[in-house]
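Participant: Start from the sequences, fold in the hints, and give me the full structure.
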Amino acid sequence: MTDVKNPLGLNQAEILAGLALELSRQSKKIINKISKVPFKIKIGFHSGPAVGGIVGHKNYQYCLFGDTINTASRVTTTSEVGRVHLSVASWELLKDSIYFETSPRGKIHMKGKGEMQTFWLSGTKDAYIEYAAMLESKSEILDNDRLSDYHPAMYEINSRSKPLLNVINKLPSSTGQCPFSGMNASTFI
23 MTDVKNPLGL
33 NQAEILAGLA
43 LELSRQSKKI
53 INKISKVPFK
63 IKIGFHSGPA
73 VGGIVGHKNY
83 QYCLFGDTIN
93 TASRVTTTSE
103 VGRVHLSVAS
113 WELLKDSIYF
123 ETSPRGKIHM
133 KGKGEMQTFW
143 LSGTKDAYIE
153 YAAMLESKSE
163 ILDNDRLSDY
173 HPAMYEINSR
183 SKPLLNVINK
193 LPSSTGQCPF
203 SGMNASTFI
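Following my numbering, the numbering of the sequence shown begins with 23 at its first residue and continues without gaps.
Just so you know, the hints here were simulated from the structure itself, not pulled from any lab data. There may be inaccurate statements among the hints.
[Unchecked claim] The calculated lysine-lysine pairs, modelled on BS3-like cross-linking and capped at a C-alpha distance of 25 angstroms, are: (1) K117 - K129; (2) K80 - K117; (3) K50 - K62; (4) K147 - K50; (5) K64 - K147; (6) K55 - K133; (7) K135 - K117; (8) K64 - K129; (9) K50 - K135; (10) K147 - K133; (11) K50 - K64; (12) K64 - K51; (13) K117 - K64; (14) K51 - K117; (15) K133 - K64; (16) K62 - K133.
Facilitator: Below, the structure is given as structure tokens:
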């Protein structure tokens, strides 16, 4: 099933795969003004259940918990600069994708996990490239030559005349009120 925000009918892993490849590509355009060295990132992703919530009494933070989060961190730290590293769970969701290519990396030792089979997200297949090109030809060109029709939220952020205010930790701590829900903090304890 497809919709306006997901015209290709991608599963969540495919959406993240597209994001990861685009982040990696765009990061190479960021150059340190002093050292003249491109920005370097490692990307890894793992799929599975996790729990998230707002924690804290005076300083609220959104936190994620669970083995999935720990494994995702390990997959990222064992990645290589400029590459997208996949766990078996994420590879299982992408291996039959008509849009993305994967390749085996082999077994990697991960702290606290032991040996784990892992994969690389190698790139995009022709079906994805053709659709992205079609969208790009229909889109307005933004400051960084990216899509606006396919990424309406990005367009909205880029078109703002002033930055969004960060409401996290802006409420006086004496209110005891969560900045996200407006609920009294004592309800979370």
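Participant: Now tell me, hint by hint, if it's right for this structure.
Facilitator: Tested hints:
no., hint, verdict
1, K117 - K129, "17 angstroms, holds"
2, K80 - K117, "45 angstroms, violated"
3, K50 - K62, "7 angstroms, holds"
4, K147 - K50, "21 angstroms, holds"
5, K64 - K147, "22 angstroms, holds"
6, K55 - K133, "35 angstroms, violated"
7, K135 - K117, "23 angstroms, holds"
8, K64 - K129, "18 angstroms, holds"
9, K50 - K135, "31 angstroms, violated"
10, K147 - K133, "33 angstroms, violated"
11, K50 - K64, "12 angstroms, holds"
12, K64 - K51, "15 angstroms, holds"
13, K117 - K64, "21 angstroms, holds"
14, K51 - K117, "29 angstroms, violated"
15, K133 - K64, "17 angstroms, holds"
16, K62 - K133, "23 angstroms, holds"
Violated hints, listed in ascending order, are 2, 6, 9, 10 and 14; each of the other numbered hints is respected by the structure.
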